[in-house]
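So the sequence lines, in the order shown, correspond to chains P and S. Residue 11 is where the first sequence starts when you use my numbering, and the numbers rise one by one after that. Residue 4 is where the second sequence starts when you use my numbering, and the numbers rise one by one after that.
Warning: the hint list may mix true and false statements.
Stated by the list, open to error - Derived DEER-like restraints, expressed as beta-carbon distance ranges:
#, chain 1, residue 1, chain 2, residue 2, range
1, S, S138, P, H33, 50 to 60 Å
2, S, R176, P, G377, 49 to 59 Å
3, P, S87, S, Y93, 44 to 54 Å
4, P, G59, S, N216, 56 to 66 Å
5, S, D81, P, H33, 24 to 34 Å
6, S, Q94, P, E123, 51 to 61 Å
Quick caveat, the hints were computed from the structure, so don't treat them as lab data. We put the beta carbon where it would ideally sit given N, CA and C, even for glycine.
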Amino acid sequence: MKGMHGIIFSYEKKTGLRELIEHRVHGSIPFAGDYRVVDFMLSNMVNAGITDVGVIMHGKCQSLLDHLGTGKSWDLSRRTGGLTLLPAFAYAENRDSVGQFRGKMEALGCVVEYLEHIRQDHVVLCDSDLVINLPLQEVLNAHVAAGADITAVCTNVLGDGSDTYFKLDDIGRIRDTIYNIHTPEGCRCLNIFVLSKALLLKLVEDCMAHNQFSFRRYVLQERGRDLHLNAYIWDGYAARINTIETYFQRSMEMLRPELRAELFCPQRPILGKENDAPSSYIDPAGECVNALIADGCDVRGTVRGSVLFRGVQIEPGAVVENCVLFKGTVVKKGAVVRNVITDKYVTIRENTPLVGAGEYPLVIARGMEV
Amino acid sequence: MKKECVAMLLAGGQGSRLYVLTGDMAKPAVPFGGKFRIIDFPLSNCTNSGIDTVGVLTQYRPLELNSYIGNGQPWELDRMDGGVHILPPYQSATGASWYKGTANAIYQNIGFVDMYDPEYVAVLSGDHIYKMDYSDMLRCHKQSGAACTISVMEVPWSEASRFGIMAVDGEDRITEFAEKPKEPKSNLASMGIYIFTWQKLRQYLMEDEADPNSSNDFGKNIIPAMLHNGESMMAYRFDGYWKDVGTLDSLWDANMDMLLPGSGLNLLDKSWPIYGRTPVCPPTLLGPKADVANSAVAKGCTIFGEVKNSVMSTGATVGKGATVIYSVVMPGAVIEDGATVSYAIVGENCHIGAGAAVGAPPESAADPDQWGIAVLGPDTAVGPGETVAPRTMLDKSHNREVKA
Numbered sequence: 011m012k013g014m015h016g017i018i019f020s021y022e023k024k025t026g027l028r029e030l031i032e033h034r035v036h037g038s039i040p041f042a043g044d045y046r047v048v049d050f051m052l053s054n055m056v057n058a059g060i061t062d063v064g065v066i067m068h069g070k071c072q073s074l075l076d077h078l079g080t081g082k083s084w085d086l087s088r089r090t091g092g093l094t095l096l097p098a099f100a101y102a103e104n105r106d107s108v109g110q111f112r113g114k115m116e117a118l119g120c121v122v123e124y125l126e127h128i129r130q131d132h133v134v135l136c137d138s139d140l141v142i143n144l145p146l147q148e149v150l151n152a153h154v155a156a157g158a159d160i161t162a163v164c165t166n167v168l169g170d171g172s173d174t175y176f177k178l179d180d181i182g183r184i185r186d187t188i189y190n191i192h193t194p195e196g197c198r199c200l201n202i203f204v205l206s207k208a209l210l211l212k213l214v215e216d217c218m219a220h221n222q223f224s225f226r227r228y229v230l231q232e233r234g235r236d237l238h239l240n241a242y243i244w245d246g247y248a249a250r251i252n253t254i255e256t257y258f259q260r261s262m263e264m265l266r267p268e269l270r271a272e273l274f275c276p277q278r279p280i281l282g283k284e285n286d287a288p289s290s291y292i293d294p295a296g297e298c299v300n301a302l303i304a305d306g307c308d309v310r311g312t313v314r315g316s317v318l319f320r321g322v323q324i325e326p327g328a329v330v331e332n333c334v335l336f337k338g339t340v341v342k343k344g345a346v347v348r349n350v351i352t353d354k355y356v357t358i359r360e361n362t363p364l365v366g367a368g369e370y371p372l373v374i375a376r377g378m379e380v
Numbered sequence: 004m005k006k007e008c009v010a011m012l013l014a015g016g017q018g019s020r021l022y023v024l025t026g027d028m029a030k031p032a033v034p035f036g037g038k039f040r041i042i043d044f045p046l047s048n049c050t051n052s053g054i055d056t057v058g059v060l061t062q063y064r065p066l067e068l069n070s071y072i073g074n075g076q077p078w079e080l081d082r083m084d085g086g087v088h089i090l091p092p093y094q095s096a097t098g099a100s101w102y103k104g105t106a107n108a109i110y111q112n113i114g115f116v117d118m119y120d121p122e123y124v125a126v127l128s129g130d131h132i133y134k135m136d137y138s139d140m141l142r143c144h145k146q147s148g149a150a151c152t153i154s155v156m157e158v159p160w161s162e163a164s165r166f167g168i169m170a171v172d173g174e175d176r177i178t179e180f181a182e183k184p185k186e187p188k189s190n191l192a193s194m195g196i197y198i199f200t201w202q203k204l205r206q207y208l209m210e211d212e213a214d215p216n217s218s219n220d221f222g223k224n225i226i227p228a229m230l231h232n233g234e235s236m237m238a239y240r241f242d243g244y245w246k247d248v249g250t251l252d253s254l255w256d257a258n259m260d261m262l263l264p265g266s267g268l269n270l271l272d273k274s275w276p277i278y279g280r281t282p283v284c285p286p287t288l289l290g291p292k293a294d295v296a297n298s299a300v301a302k303g304c305t306i307f308g309e310v311k312n313s314v315m316s317t318g319a320t321v322g323k324g325a326t327v328i329y330s331v332v333m334p335g336a337v338i339e340d341g342a343t344v345s346y347a348i349v350g351e352n353c354h355i356g357a358g359a360a361v362g363a364p365p366e367s368a369a370d371p372d373q374w375g376i377a378v379l380g381p382d383t384a385v386g387p388g389e390t391v392a393p394r395t396m397l398d399k400s401h402n403r404e405v406k407a
């Protein structure tokens, strides 16, 4: 058995992330003060010994391209293998609609030559919008032990109707895949799949021959009865970032020490892009409590229950409460900001009050001066 | 390929005056300012000044320093041509010797410098905290056509006798050099930063090596010899922040200077960035009762207690009800609940047990002359409730107090 190969799908989708995906795809949304969402699955792969990762690019991928670079930060800048960026649809000559992402099988069909050259026996497919610290090696071991065709990672924690759910039988095999249901039930799919390279190639060929684009519909649902679909139940932390409300809630969860200890455990470190910022200077005029603070910040005002990304400046007399402030945000003197998410390089002017609703924060788009 | 200027960074010193902090590592590898190590300053200065070829001369306990510098990537010194090179002493057909002195260290690496056939060589120290544009100094050196340019700064007259003092003429031409003079003729102190015209230096290194009585040192031998022979030597005036962090007090002072407005060492200054190799860790978490003021905090810290006027390095932990004041806490140190750390340097990965007390403020001392900062070497464990008196130095073997 020659290890696993990683494939991460990064594509534009219609979700409730509004301003946060105006300039970027889900994978490059800043998260937890110092990371992009894609760092989590990418680190999971590296921590499981994966050395070759392909990232399927679609849509507004500039920000993700900047972030991934050569893959050096994840030790994926290699002579052979390493990180490969796959602008799949740039190769699609006879695709009728260029814009919309129509499914993973279509994307894979566009890069079938890349798939053929995969050096490993197994492939893990995943999305880029999941915050999780998952031991992928254990998933592969379980997959092999079960003799399954495809192993899907799922959780018993229910989500909303936009998620995919599985019905399992007594021995943990997936018997049905359901989607768009009003009342979620069953096991929630985390969109992480392990299968052999050979099966993946066969499925891609077959799906393309039938003009079938969706992995869920045409692999899990239509071919599900002919395949051994195995479920790997993950009972740790897993957060899909798909709406402003979940983004906000998940960000605030990072202030909980027990979740921090789980998600950033030293055995499986989450690797992000390194930076050159110095230490933060913290000298609040009021208090600075319950806060997650990245490097290079200058905190002179009051901060409570907030996440501060790199280089955020809070001037004296400013109050920041229950906020997520992206890189380079400046909150000027006397401004009061509550329940707000500011994208990169936002400036809040002097004495400006800016208050969102508790569960439904105000989002200020990148570069705005308010 | 030919380079205009190559930098040689002297990083071999034991830093014996840093005692417990340098038991296992060379002085330039000592952490500084939360995210950095001392050597980040000269290395970043090189990169920011456009010098892309740097030889780092190591000798004492080089493991930590070597692994830190690695391929030089954090300082953009991983070059196809040039880049950073670690230069330890080596064996050759005619024998082997340690670096006998700063000049001998360069002498032994004449081959390295010749490989790049440079016009000029900058000789730098690995234990100074400062931000300096070597390209401006090089420009002055070229303009004057001198054999050697020495960076100097004005120091208070009262302190001049602690430094190597340069007397200069009206055009800043060096007329005299005196190491720690009792009666200084000038208040221009050498900063230990030199730019030489390589062919001149090469010649003096050869002559110095041939002299069995020489101690093979730049300050003691090379500079006086050049002056004596009437070589053209210029002083380059520097008026920014500069500190030799060769002693524990000065290391603590320089860390505190980062928190002092107007000290000249601005932590958040973006105009002249300092680069460093940073470990992987999440941002710092401040707990619900954290009380942090006038402090530099690097990422990866977990702070539940009080931190005032202190430097917290990467991955340090301060428990509930613990207090850290006027202290430098190095990477990975853990200060348990209720412990007190004041006026101290806490080495890497130290563990201070619950309720322990390390150091004390100067005003608490009965005899101010007996007071000093407390220092814990790397990996030192202080048991719960234990007390470490001011001016004490402990290393990881703990039962052995290290005398200054």
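Outcome of the hint check:
no. : hint                        : in the structure
1   : S/S138 x P/H33: 50 to 60 Å  : violated (37 Å)
2   : S/R176 x P/G377: 49 to 59 Å : holds (53 Å)
3   : P/S87 x S/Y93: 44 to 54 Å   : violated (31 Å)
4   : P/G59 x S/N216: 56 to 66 Å  : holds (60 Å)
5   : S/D81 x P/H33: 24 to 34 Å   : holds (31 Å)
6   : S/Q94 x P/E123: 51 to 61 Å  : holds (52 Å)
Hint violations for this structure: numbers 1 and 3, all remaining hints satisfied.
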